[in-house]
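Hints are included, so try docking the two chains, each in its own frame, into the full complex.
Sequence lines, in order, name chains S and Y. Take 1 as the starting number for the first sequence in my numbering and just add one per residue. Take 1 as the starting number for the second sequence in my numbering and just add one per residue.
Mixed in with the good hints, there may be bad ones.
Taking lysine-lysine and the DSS-like style, the derived pairs with C-alpha atoms no more than 27 Å apart in a straight line are [said to hold, decoys possible]: (1) Y:59 x Y:43; (2) Y:113 x Y:60; (3) Y:3 x S:130; (4) S:81 x Y:60; (5) S:116 x Y:143; (6) S:39 x Y:143.
Cβ-Cβ distance ranges computed for the label pairs, FRET-style [stated by the list, open to error]: (7) Y:62 x S:183: 27 to 33 Å; (8) Y:62 x S:102: 57 to 63 Å; (9) S:27 x Y:106: 46 to 52 Å; (10) Y:17 x S:22: 39 to 45 Å.
To be clear, the hints were calculated from the coordinates, so they are not data collected in a lab. Virtual Cβ for every residue (Gly too), placed ideally from N, Cα, C.
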Amino acid sequence: MARKSPEINAGSMADIAFLLLIFFLVTTTMDVDTGITRKLPPPVEDNTDIKVKDRNVMKVLVNSHDRLMVDGKFIDISMLKKAAKDFMSIHPNNPDYPEIETKFIKPLNRELPTTKGVISLKNDRGTSYKMYIAVQNELAAAFSEMRDDLSMNLFGVKYDQLVNEDRIDGINEAVPIRISEAEPENIGGE
Amino acid sequence: MSKFKIKKGKESPGINTSSLPDIIFMLLFFFMVTTTMREVSYKVRMKLPDATQVQKLEKKSLVSYIYVGPPINKRLYGTNTRIQLNDQFATVDDIQEFVANDRQKRPEADRQKVTFSLKVDSDTRMGIVTDIKQELRKAGAFKINYSSHKARGKDYTRYMKSI
Numbered sequence: 001m002a003r004k005s006p007e008i009n010a011g012s013m014a015d016i017a018f019l020l021l022i023f024f025l026v027t028t029t030m031d032v033d034t035g036i037t038r039k040l041p042p043p044v045e046d047n048t049d050i051k052v053k054d055r056n057v058m059k060v061l062v063n064s065h066d067r068l069m070v071d072g073k074f075i076d077i078s079m080l081k082k083a084a085k086d087f088m089s090i091h092p093n094n095p096d097y098p099e100i101e102t103k104f105i106k107p108l109n110r111e112l113p114t115t116k117g118v119i120s121l122k123n124d125r126g127t128s129y130k131m132y133i134a135v136q137n138e139l140a141a142a143f144s145e146m147r148d149d150l151s152m153n154l155f156g157v158k159y160d161q162l163v164n165e166d167r168i169d170g171i172n173e174a175v176p177i178r179i180s181e182a183e184p185e186n187i188g189g190e
Numbered sequence: 001m002s003k004f005k006i007k008k009g010k011e012s013p014g015i016n017t018s019s020l021p022d023i024i025f026m027l028l029f030f031f032m033v034t035t036t037m038r039e040v041s042y043k044v045r046m047k048l049p050d051a052t053q054v055q056k057l058e059k060k061s062l063v064s065y066i067y068v069g070p071p072i073n074k075r076l077y078g079t080n081t082r083i084q085l086n087d088q089f090a091t092v093d094d095i096q097e098f099v100a101n102d103r104q105k106r107p108e109a110d111r112q113k114v115t116f117s118l119k120v121d122s123d124t125r126m127g128i129v130t131d132i133k134q135e136l137r138k139a140g141a142f143k144i145n146y147s148s149h150k151a152r153g154k155d156y157t158r159y160m161k162s163i
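The shape of chain Y in the complex, shown without the other chains (with noise of 0.2 Å):
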């Protein structure tokens, strides 16, 4: 007599999974479009300083990258502080041929374009910060960003575009 009658030996039907590429593949065009290539792998670490007056760097394509910290691999290199320039780990002194090297790689109207981003471990001193500011003085390259966090705040982009 009971209206909900147990079901036996009735195989329940398969969910649909037919528009589970269109799904996916909409995801990976999703990540595709957002998110950019990972330029290096990081042989520093850093945690980069907080700042509200940040402004965004709007090409990505115009900027070349600076890692400043203590290796990541402390057996192998220790804790003293290093620069990071490509993939490879270097010193103060070769900073005016990256610059110069950089500057091959681009086309002739972007070169006086390049902005030079500082990602700077927040711990470092700024006596190495210095020093990499005076090199790339002497190698001309006058635009820089110290990377930092974007602490909360209103976007200050605007503010600083005059500089």
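Isolated chain S, as found in the complex (with noise of 0.2 Å):
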């Protein structure tokens, strides 16, 4: 005849599981990891200077005093994305912009004008970190409206509604995220 098992006491089950979550709670973080991410150039062996027309290339520079200067003009940081669009997208014939290249673009299977114009970002050693973040911010952004702008005007829909990898990569190569980071230099001091 089987006998019949005491049952076990659960009574402080309870208890044990509230110290594991309050274990988990306290070890663990909840945060999303997020940022901006770039890529690194790899370290040039010599100083060659590649020749770029003066015309191609946006100068951005932001001093020890978080100021902005673009192509020789102080502007504030609310007026980059707009003047970044501006410089970097299509003027046929007008030679204060960059020059204007026609590339067939395989993933699209057609030919789209194209800029050669490149955003050159230079800061001091005395910018503060906060400044930097919000310049490249403010690219970003340019080159993202200006993604979108392209894909409405190519397919009707925005760049981030888009589901054909091809439309992707296509938009990807006719709008290159072209921002380019001077050797640093010591100008201004810590």
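Right, here's the structure in full:
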């Protein structure tokens, strides 16, 4: 005859679970890591300057007092996005803007005019990190908006609503993110 | 004659707590799944900058962190900006070694996919950040992420994919 086994007292189960719960609450974090991803250029061996035509470069300088200068003029950070967008858009036959090159975009299977413009970003050692990120952010926003515009023109939907991989690649190729960072120099001190 | 009788000396029935452990276990599993372990204890204070064009770092296992900011313990370490690698303070010269050690620890297939996340206090001067970037370039670690909080606005993860 089987004996009836005594039941296990589960009264303290909740306490044990609580302890574990509190342990996990304390030792773990929930924050999602977000940030601006950039790719650094490989180190240069010799200081050979790559010649780029002056009209193709938009020079963005940030000094140690966090003042912003674009092509020799002081401007406010709120104007930077507009300036970058204006510079990188297609302006046919206008010598004030970068050269235009008609490129065959393979994923889209068509030719599109693309700009040869480059945004050159240079900061001082005394620039604050906050300002630097703000500038990077505005420049990234300019490129995002240009991709949106092109996507709207070609396909009638915003860039982040595209599903077709070819279309995404095509837009990426037609509007590449061209931000070049100058080799660091000591100018203003710490 | 009153309809509501005042009950006296009658004990109220206790709340049944037999399902309490189940509820707590459910909470526990939820937290175990959604959170990640703290990597290090911070020795520097970081108030990350805000940005709208941020993207999520997809795989946490493929991210290494470099912390930069003023020390939390001011009395002991002063207020000058310091770099923290793993669990200790370091200088700019230690970064190449840090990258090399980090590569050693990972399987060979993952070594080129590692992103170095720079968690830098927003009041830091760019000089030290530039130095770190130069060292990372020398060490062959090209993928970096300027860690920043997402300000309002839409998700730009897709836009930045092509970099």
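Hint by hint, here is what the structure shows:
1. Y:59 x Y:43: holds (24 Å)
2. Y:113 x Y:60: Holds: residue 113 of chain Y and residue 60 of chain Y sit about 12 Å apart, inside 27 Å.
3. Y:3 x S:130: Answer violated: residue 3 of chain Y to residue 130 of chain S is near 71 Å, above 27 Å.
4. S:81 x Y:60: The given pair, whose Cα atoms are some 31 Å apart, is violated under the 27 Å limit.
5. S:116 x Y:143: Cα-Cα ~25 Å, so holds.
6. S:39 x Y:143: Holds, at roughly 5 Å.
7. Y:62 x S:183: 27 to 33 Å: holds (28 Å)
8. Y:62 x S:102: 57 to 63 Å: Cβ of residue 62 of chain Y to Cβ of residue 102 of chain S: about 39 Å, so the range 57 to 63 Å is violated.
9. S:27 x Y:106: 46 to 52 Å: violated (23 Å)
10. Y:17 x S:22: 39 to 45 Å: With a Cβ separation near 18 Å, residue 17 of chain Y and residue 22 of chain S fall outside 39 to 45 Å, so the hint is violated.
Of the numbered hints stated above, those contradicted by the structure are hints 3, 4, 8, 9 and 10, listed in ascending order.
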